[in-house]
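S.K.: Construct the complete structure from the given sequences, taking the supplied hints into account.
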Amino acid sequence: MVNGAGDGTPVHEKKQGQGLLLFSVFVIATCGLIYELVAGTMASYLLGDSVTQFSTVIGVYLFSMGIGSWLSGQVEGDLLKWFIRIEILVGLVGGCSAPSMFLLFEHVTYFRIVLYSFVVLTGILVGLEIPILMRILKSGIEFKDLVARVFTFDYIGALLASLIFPLLLVPYLGLIRTSLVFGIFNIAVAAYLLYYFEETLRYRRRLLVPILASVFALLAGFVYAERIMSYSETLAFQDKVIYSKSTHYQRMVLTRNNRELKLFLNGNLQFSSLDEYRYHEALVHPGLHALKGSKKVLVLGGGDGLAVREVLRYPDVASVTLVDLDPAMTQLFRSNEMLLELNNRSLLSPKVRVVNDDAFNWVRRDTMRFDFIIIDFPDPSNYSLGKLYSSKFYEELQHVLSDSGIIVVQATSPLIARKSYWCVGHTMEAAGFVIVPYHIYVPSFGEWGYIMGMRNFGWHTGAQLPRGLRFVDKDVMKSMLLFPPDMSEVATEVNKLNNQALVNYFEDEWAPYVH
Amino acid sequence: MFIDGAGSKDRRRFLKQVLALAGVSFAGRYVTGCADASDGRVIPGDIVGAGSSIGHMIRDGRAIPALTEEIRTGILIIGGGISGLSAARWLHKKGTENVMMVEMGEETGGNSVFGQNKVSAYPWAAHYLPIPDVANTSLIEFLGEIGVITGFVDGVPIYNEYHLCHDPEERLYIDGYWQEGLVPKFGITREDEAQIARFMKQAEDYRAAKGVDGKYAFSIPLDTSSADEQFRKLDQISFRQFLTENGYNAKPLLWYLEYCCKDDYGAGLDSTSAWAGLHYFASRRGKATNANSSAVLTWPEGNGFLMQALRKHNPYPVRTGLAAFNIENTENGVHVDCYDAGRKSTVRIVAEKVLMCTPQNVNKYLLKSVGSERGIYEHVQYAPWVVANITCTGVPEGKGTALCWDNVVYGRQSVGYVFANHQNLVRKNEGVLTWYLPFTEGAPKEARKAIYSKTIEDWKKLVVEDLAYAHPGIEPLITRIDVKVWGHGMIQPVPGYVWGNARSEAMQAIDGRIFFAHSDLSGISIFEEAFSQGVRAAEEVLRT
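Here the protein sequences come in this chain order: P and E. Counting in our numbering, the first sequence runs from 1 upward without gaps. Counting in our numbering, the second sequence runs from 516 upward without gaps.
Bear in mind the hints are in silico, worked out from the structure with no lab data behind them. In this text, a Cβ means the ideal position worked out from N, Cα and C, and glycines have one as well. Among these hints, one or two may not hold up.
[Unchecked claim] No farther apart than 30 Å at their CA atoms in a straight line, the calculated lysine-lysine pairs in the DSS-like style are these:
{"#": "1", "chain 1": "E", "residue 1": "Lys827", "chain 2": "P", "residue 2": "Lys419"}
{"#": "2", "chain 1": "E", "residue 1": "Lys730", "chain 2": "E", "residue 2": "Lys802"}
{"#": "3", "chain 1": "E", "residue 1": "Lys802", "chain 2": "E", "residue 2": "Lys748"}
{"#": "4", "chain 1": "E", "residue 1": "Lys943", "chain 2": "P", "residue 2": "Lys245"}
{"#": "5", "chain 1": "E", "residue 1": "Lys802", "chain 2": "E", "residue 2": "Lys725"}
{"#": "6", "chain 1": "E", "residue 1": "Lys827", "chain 2": "E", "residue 2": "Lys608"}
{"#": "7", "chain 1": "P", "residue 1": "Lys245", "chain 2": "P", "residue 2": "Lys292"}
{"#": "8", "chain 1": "P", "residue 1": "Lys419", "chain 2": "E", "residue 2": "Lys914"}
{"#": "9", "chain 1": "E", "residue 1": "Lys879", "chain 2": "E", "residue 2": "Lys748"}
{"#": "10", "chain 1": "P", "residue 1": "Lys245", "chain 2": "P", "residue 2": "Lys351"}
{"#": "11", "chain 1": "E", "residue 1": "Lys943", "chain 2": "E", "residue 2": "Lys964"}
{"#": "12", "chain 1": "E", "residue 1": "Lys879", "chain 2": "E", "residue 2": "Lys969"}
{"#": "13", "chain 1": "P", "residue 1": "Lys245", "chain 2": "E", "residue 2": "Lys633"}
{"#": "14", "chain 1": "E", "residue 1": "Lys716", "chain 2": "E", "residue 2": "Lys700"}
{"#": "15", "chain 1": "P", "residue 1": "Lys351", "chain 2": "P", "residue 2": "Lys419"}
{"#": "16", "chain 1": "E", "residue 1": "Lys943", "chain 2": "E", "residue 2": "Lys766"}
{"#": "17", "chain 1": "P", "residue 1": "Lys419", "chain 2": "E", "residue 2": "Lys964"}
{"#": "18", "chain 1": "P", "residue 1": "Lys245", "chain 2": "E", "residue 2": "Lys914"}
{"#": "19", "chain 1": "P", "residue 1": "Lys474", "chain 2": "P", "residue 2": "Lys419"}
{"#": "20", "chain 1": "E", "residue 1": "Lys700", "chain 2": "E", "residue 2": "Lys766"}
{"#": "21", "chain 1": "E", "residue 1": "Lys633", "chain 2": "P", "residue 2": "Lys419"}
[Unchecked claim] Across the chosen pairs, the derived CB separations fall in these ranges:
{"#": "22", "chain 1": "E", "residue 1": "Tyr677", "chain 2": "P", "residue 2": "Asp357", "range": "14 to 20 Å"}
{"#": "23", "chain 1": "E", "residue 1": "Glu912", "chain 2": "P", "residue 2": "Pro315", "range": "47 to 53 Å"}
{"#": "24", "chain 1": "P", "residue 1": "Phe216", "chain 2": "E", "residue 2": "Tyr677", "range": "52 to 58 Å"}
{"#": "25", "chain 1": "P", "residue 1": "Asn382", "chain 2": "E", "residue 2": "Ile661", "range": "27 to 33 Å"}
{"#": "26", "chain 1": "P", "residue 1": "Leu481", "chain 2": "E", "residue 2": "His607", "range": "57 to 63 Å"}
{"#": "27", "chain 1": "P", "residue 1": "Ser404", "chain 2": "E", "residue 2": "Asn613", "range": "53 to 59 Å"}
M.R.: Below is the structure:
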C-alpha cells in the first residue's frame, strides 16, 4: 500500500488510500483545534481572565505540538501502526480532558498543574500526528503536492473547528460532551484506518481491544456528562458555571466571569467575589470590634469561611467554631486554590474548628459560651430554614451566649423584604434580646440588613477597628444605623415554630422578584 | 371455669393452638416478603406486633396451662393503655401503695405505641393532642408536669413551642393541587362554599352554646357536657341524618365531615351520631398565650411522647406479656387468672380491688364468671384500622403547598399521611410517613376478618397505590413499609351509644371491687377521654 508502494497494489486503491489519509488529516486537524479551544475555554471558565488564559493555553499547546513534531523524528518502524496508536491516545486524552478537568477542579489544590498537563500531553500527541502522516504519504505523492494538500486540509479543519466550536458545540453540546465527541472522532479515524489497510492484519486484533475500550469509556462519559455538569443548568446562569454539585443538602454552583466569582446555593446568590467584602465586613466588624479582651466566636452557617476571614483579623480572638450543615461546602472552601485565596485560608487556621452539624441541634446540645455569635444562614425561603429564624432558636442562643456577648443575624433586605427584616428583629426581641438593626448597600444584593442582639444595650462604635478594611469604618458604622422611611420599622408578628410568620412574609415580599 | 379442672388432653390442645398462633405471628413479623414493586425491587417491611393473637386466644380458649404462681396485691390495674397508665399516675399522686399493672402485649401504651428507625420516631396510632380547654384541669396539670406547658399568663397556658405543631400544619390534595388547610376550597362552587361557611357557623354556635344546667353543650371530657335534652337528643340520630335535615348536601362539605369522623372516630357519617359528629367541631375551647385555639401538640413519636411520660412516672410494677383471661369475685378478694405468654404458665393475681382498663370486647370474656349484668357488650362497635409507616429517601412535595404535618387526599378511603419528622428541627432528605386507613364501610366484623387475612405484600401494594395517587413516582423513593393492623382500633360513637344507658351503667363498679376505665366508656377514642377515664376510675377506687 502506501509506504510499501512496490507490493503491487492496484493504482486506484492507492489513490483511494491517499484520499482517505488526507481526509484523516482534515478530521484530526479539526479535533486538534477543538482540544485547544476546549482547554482555553476551560481555563478561562475555571480560572477567569480569559485573555491571559487563552493566550497561555494556545502558547503552551503550540509549543507542545513542537515537541511532538520533534519527537516524530525519533519514530521508526511501522509508521501506520504508530499513527493508529497515536490516534487512539489523542482520542482518549483529548476526549477526557474536559470531563477530567471539571471533576478534578474541586479535588486538587493546584488546578493549573492539571490544566497544563492536559494541554502539554494533548499538544505533544497532536504534534506527532501530521509529521508521521506526511511520512506515510510521502512515497505516493510528490513532496510539493504532499505539503500543499496536507496543509490545505489541516487549515480547512482548523477553520471548521473554530467556527463550529462557538456557534454549535458550546451552545448545543456543552464543553464536556464536545470534548468527548471529538475524542470519539479521533478513535474512529484509528479504527477506520485499521480496517481499511490490509497490512494492519497482523496487529488488528491487538489494537481492536484498546479501540473498543476507549470508545466505550468515552461513550460512558457522554452518558455520565449530565451528572458531572447539568447541561441545562449551565444555561440558567448568566456566567459560566465552573463547578456544580448536588450535596446531601443543597445544590452548590460556582460561576465566574472576567471580573468575579459567584457562589449560588439552590440557585440563590450567596456572594460575589467582587463585593462580598462589603457584606462580610458589615456582618462581623460592628459587633466584634465592640467586644473587649479575648473572645470566643461562633459562626453558624457561613461555610465559605468569608465571615471567619474577617473574624481572624482580631488577634485577640481565641477560637472560632464554625457550624455548617454541609461538609461538601466546608471541604470545598478548605481545599480549592481559588476559594482559599478568597477566604484567606481562614478555615485552615489552627484557631478554627469546623463542625458539620445542624445549627439548631448543635446549639441545643452545646454547653460552651461564646462572646460573639454570627448567624449567617440562607434567607428564610422555606420552612426548614424558617425554623432557624424562630423565637425558639434565638432563645436557645441565649444559653450559649456569654453575659456581655453579642449576636448578629443576617436578616435579608429591609428594602425589598421590609416585613421579613423587622420580623427577624421582633423575633429576637421576643427571645429577650435588645436589638441594634443596621443595613448597608452591597451591589450584588442591593440594600442588605443585619440585626445585632445583646442582653443589655452596651454597644458603641468607639473601639479600634482592625487595619486593612475596605468598607467599614467609624462613620460608615454610624450611617448604617439610619433607616430611611421606606425601610423603617413596621409592625410584624413574631416568627414562631408554630406560625412560621417569617417564611410567609418572605415569600410574599420576594415573590415579585423571583417569578 | 376451665381453671384447674381442665384435662390433660385439653391442655395439650390449648398449647398446640398457642404454638400455632405464635408461629403465625412469628412469620408475620420476620418473614419479609417479596412485594412486586413495578421496578422489580422488593420493598422491605413487616407486619409488626400482631397483638391480637393472645386476645383471640382468650376469646376462643378452651384450656389453660397449670397455675404456677400466685401474687397478692392491693389494687390490680388490668391493661396498660392510656386509661390504665393515667389511673396509675393518679393513684400514685394520691399516695396509694400496693398497686400493680398487667398488660397482655409486649409493652404498655395502648393506641399511643410508637416505633423508631434511624430516620425518625413514628406513631403506630394516636399522634396528636389538641391544646385542651383550661377547664380540663387534670390534663392541664399533667401537661405542666411533663414540660409541655411551661407557664401561665393570667391562667392561660404557655405551651412549649417545640411541642406545638410547627407550621405548615395541613394540606389537602384536590384537583391535582395541594391546597393549604383541609377544608376544601380549591375548585369548589359558590354553593359549596356557602354551605361550608354555614356549617362552620353552626358549629361555632354550638361551641358557645350552653344548656339549661349552665354547662357547655359539648365538652371534653364528654361527660362534662350539658345534660340538656335539646343537645343530647342529637345522639339518637346519625350525623348524616342531621346534615340532611339541616339542608347540607354539598359534596365537598360532606366529604370533609366524613373525613373528620373517620379520622377521629373511625366511623362514617352513618355510624357517627349527630351529637358525636358535632362534638368534633364544637367541643374544643383550648387556649394558649402563644398559639391559637385550634393549635395541636404533636411529636415525631405521636402520642407516644405523652404515653412515655406516663409510663416513666408509673412507680408500680408492670408485668407485660401477662394476659388476664378470667376474673372471679371471691370472698378472699378478686382472683384474676392470667396467661403468662413468656413462661406458658398461668399466674393468679389476688387483688383487693381491680381496675379494668380494658376495652369492653375483652371485658365480655374476662367477666363471664363474675356474671354481672352488663348490657354494654351489644352496643360497642369497634373500627378496624391499618396504619403503615413508610420510610422514604426524599420527601413527597408535589404541586402547591409544601409538605405539611398532616397531608390528606380528597376522596380517598385512607385519611392520608402524617409526616413523622415534621417536628424535627432538622429537615433531612429522608422521612417517615405515617399512613392511616380506617375501615368504616360495612360490618366491622367482616372488615376485621378481611384485614387479618391480608399479607404484608397486600398491604405494601395498597399503601404504594394510595400514595402514588397524589405522588406519582414515589415508589422508588420508598425504602421500607411496616404495617400494623388494629382489629379493634377504636370505639365508634354510633347513634345512641354516648348518651344511652348502657354506657353509664358500664362505668359502674361491681361490688365496690371491680372498677372500669377505658375510652370506649366515653364513646370516642381520644387521649383526653382515656386520660380522664383513668382519673375518674382511680378516684372511685380511692373513695370506695
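S.K.: Against which earlier hints does the structure fall short, listed by number upward?
M.R.: 1, 7, 11, 15, 16, 17 and 21
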